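Given chain S's structure and the hints, the job is docking chain V onto it.
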Amino acid sequence: MNKALEQGGRTAPAEKRRIEEIFGRHINRGQMKYLKAGHLDVFETDRSGRGFTDPVSGRRFFDCFTSAGCFNVSRHNPVVMQALEEALKSWDLGSYHLASVPKLALARKLAALAPGDLEGVLFAAGGGDAVDCALKLARGATGRAEILSTVKAYHGHTGFALSANGKEHYRHCFEPLMPGFSFVPFNDLEAIREKASKDTAAIILEPVQGEAGIFPATDEYLRGLRALCDELGIVLIFDEIQTGFGRTGKLFASEHSGVVPDVMTVAKSLGGGLYPNAAVVYRKTPVLAEFVNRNPGFHTSYGGGSDLGCQVSLRLLEYIEEKRLWENAAAMGRVLQEALSGIQHENPKIVRAVRGLGLMVGIEYCHEFMGPMMADALAKHGVFAAYSGNAPQVMRFMMPITVTAAEMDAIIQAIHGSVRDMKTLLPLALTAVKVPGVLKLLNSERVQTVLFGAVRRIEDVTAFLSKKGEGG
Amino acid sequence: MSSETLGKCQDVAALCPAGSVEWLQAIGHDFLEGKREGACVYDEAGRRYIDGVCGAGVFNLGRRYPELVRALDQAMRDTDQGNFPMISEEKALLGQALAQFVPGALECSMFSVMRGEAMDFACKVARGFTGRTELLTVDGGCYGQTGFALSLSERVDKEAFGPLIPDVRIMPFGDVDAAKAAIGERTAAVLLEPLQVENHCRAAASAYLQELGARCRACGALLVLDETQTNFGRTGLRFAFEESGVEPDVLVLGEALGGGLFPIAATLITQRVNTFMNAHPMIHLSTFGGSDVGCCVALKALEIFAREQPWQNAAARGQTLHEGIEELRGKGGTPIRGVAGKGLVWSLDLGSPEAAQAFCRSAARHGLLVVPGQVARHTVVLRPSLLVTEAEAMEILDALRAAATDHGETS
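As given, the protein sequences belong to chains S and V, one line each in that order.
Numbered according to my numbering, the first sequence spans residues 26 to 497.
Numbered according to my numbering, the second sequence spans residues 102 to 512.
Chain S with its partners taken away, still in its complex shape (with noise of 0.2 Å):
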């Protein structure tokens, strides 16, 4: 028995089983191999600040992926703590056909901070939610049937999402998905001037494509899509779902741009990190008022705008705004792209390219097996960063928007740190991918799965051994 785990954190290795047998059981056993193999199967308990605590081994860890931006304003901010803790003295879910003081309040906060006259509100659950509520507000509105989406969007997994999502990874088992999506390169202002026309009801992007692999959209680019959009009567939607509410160093990420869509969507860091919500804001154009006004229930929604999920919202929206937390973003946002673009100058055979804008940055290593390869480093070093299944070489760093520049030091000591260790396996692994079908069989998530897997079992059979010899 490994005594040092026991007595470093609360659950014993035993009772983390004894769980994880019910989890694979109950909910998923292939999505527990799939951590196991970047060691992301980790519990989060302490949930506060910047980070969690691993209850088996009691390391602490950063959050660098907050649920892809959901935790903002840190783990259990006490104000969103709060605002919760007074909503629940009266408040409930509410009817979902029934206004009310917290959701028209909400409502109009939404209204006044985001960008131009975008002004109506809609509620939804959550950000596939809202992104259907969208399509279907645009094809409703125009009577047109074409969506232009981006080649490797993210948009969410429920139909009209689905549908507009730009990687075959998520669809490819579901097909057939709707007709009358297609998918353009991302930034490339020329081919989607090529594909629109006056049957296309609208065009949905990502002002920074996250899932993709953080790719920010140039300001050309979303001023020429203003452009085509004002031309040809299309409904311009930005899914800020992931960029929203500070992210990228400015309250919505059109900001930077100074472009304001027709539509934009919102939810993840809305919750606060507890407490799920989501919303439609769109200009009250002639085309989509009316569309909103003769149908007032188009898309209603049961779960999401609840009279709770509102008041949690409303709080953080203030506390936000109250503090400029977009410009921590942008600060700290700098400094991480500088030191990671140090990284990358050293490290030319690793890291291929820093990206980001403000707190949502990405690195993309030259192989797609060095995704796991690092997660599992940085997790060593008290680092959670998640690398996308379908992209693996690509890590995202969206750490709270609250981090203070302690925190950002030690977090680029740690990838610092990772980046060393993972320099003595790298010799084995690049000799080896030279070798004709290894890069091949490295690259595949299954082949990682299984051979990661493989290496912690030694890693922890190891370190067991030195521990018994060290107790003997």
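Just so you know, the hints here were simulated from the structure itself, not pulled from any lab data.
Mixed in with the good hints, there may be bad ones.
In the DSS-like style, the derived pairs of lysine-lysine whose C-alpha atoms are separated by at most 25 Å in a straight line are [claimed, not checked]:
1) S:Lys134 <-> S:Lys348
2) S:Lys309 <-> V:Lys259
3) S:Lys223 <-> S:Lys309
4) S:Lys114 <-> S:Lys134
5) S:Lys58 <-> S:Lys405
6) S:Lys177 <-> S:Lys192
7) S:Lys134 <-> V:Lys109
8) S:Lys448 <-> S:Lys459
9) S:Lys309 <-> S:Lys134
10) S:Lys61 <-> S:Lys41
11) V:Lys109 <-> S:Lys309
12) V:Lys136 <-> S:Lys134
13) V:Lys136 <-> S:Lys114
14) S:Lys223 <-> V:Lys259
So the derived list for chain S, only partly shown, Cβ under 10 Å to chain V, looks like this [claimed, not checked]:
15) Ala166
16) Ala292
17) Ala303
18) Thr325
19) Arg349
Note that this is a predicted model, so its numbers are computed, not measured.
All C-beta atoms, glycine included, are put in the ideal place defined by N, C-alpha and C.
Using the frame of chain S, we list chain V on its own:
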């Protein structure tokens, strides 16, 4: 005391355009929802109503069930939403508790934040597992607002949203021969509600469900039942489908799972169907769906459901309501042309959408909130808290009687 009506309210424009206010006025619900407790809600001016809408089946335990309020208060301290891809004890325990709570071999859960998402996942897993594309449903269904759910639903405005999910076919409801002919080797799943609440509470006969189940088994298709509106006791049984003895492969549960305090829904599948998800982990994600806070609340709600067995009260009080409505109709001179339902979900046929709205308006005036059916717009759906008392059931009947009288006088 007069209530502040929505039309006179300041600053409603962001959320409620004129059309929305007009619709709420048409059904007499143009007020701000304030205090809520048990079977009742109050407007901002303090006027009391019996909640006969229950958020379309969300508030099965009534409003703000005290133990559940405390459970959420505790859960937000113990945990938070969590990183969605992670293993957590909260998710594991809710999955385990659901497996024990639902009948049959539905051992595995996928959590969602709301009903449409849970239905969309049901459609996706059916396609993924079978490797087939055809989704068969019946006419008159109402499954939610998201893409797949909408594609299966019957809605007057459906065409406005352009071409939806392909290879969805709609069979005539209750027609065994049509079902036998339609379900085949191409069919991924047959999906339906055991009771179409929004369509004048049209119930699938046990024999029909049995036939669908048998035909699905023979063809290798999945039987998917959407119990969003009927789950956790609404029809006088724990689940509506139990009456038929059929064993679905997929069961869709709605937000009643979170007891009206937290948005959470679930899709339950068998171990056999979950082999697909085990082989393709992380192919369907939900950021809010498996919230650890939500799991804690749902765990407590399941405990309360198991203890309270609200289906028993639903059956008993439902009988009171049914008898009362039939008595009212028997006296004549009421606008109620027909009544259908089970347990504590009843649908009143008012003949036209306008009459249904007028009836809702009158009912609200007499202290009862009810809304028209979403599919059968000429109906009014009554679904109070499953914990409604006999006295509250009598109040509901009084309000229905008064609304019927109003309507008789004005028409």
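Structure-based check of all given hints:
no.	hint	in the structure
1	S:Lys134 <-> S:Lys348	holds, 16 Å
2	S:Lys309 <-> V:Lys259	holds, 23 Å
3	S:Lys223 <-> S:Lys309	holds, 20 Å
4	S:Lys114 <-> S:Lys134	holds, 22 Å
5	S:Lys58 <-> S:Lys405	holds, 18 Å
6	S:Lys177 <-> S:Lys192	holds, 5 Å
7	S:Lys134 <-> V:Lys109	holds, 20 Å
8	S:Lys448 <-> S:Lys459	holds, 17 Å
9	S:Lys309 <-> S:Lys134	holds, 16 Å
10	S:Lys61 <-> S:Lys41	holds, 13 Å
11	V:Lys109 <-> S:Lys309	holds, 21 Å
12	V:Lys136 <-> S:Lys134	holds, 23 Å
13	V:Lys136 <-> S:Lys114	holds, 10 Å
14	S:Lys223 <-> V:Lys259	holds, 22 Å
15	Ala166	holds, 9 Å
16	Ala292	holds, 7 Å
17	Ala303	holds, 8 Å
18	Thr325	holds, 6 Å
19	Arg349	violated, 23 Å
Comparing the model with each earlier hint shows a violation of hint 19 alone; every other hint is respected.
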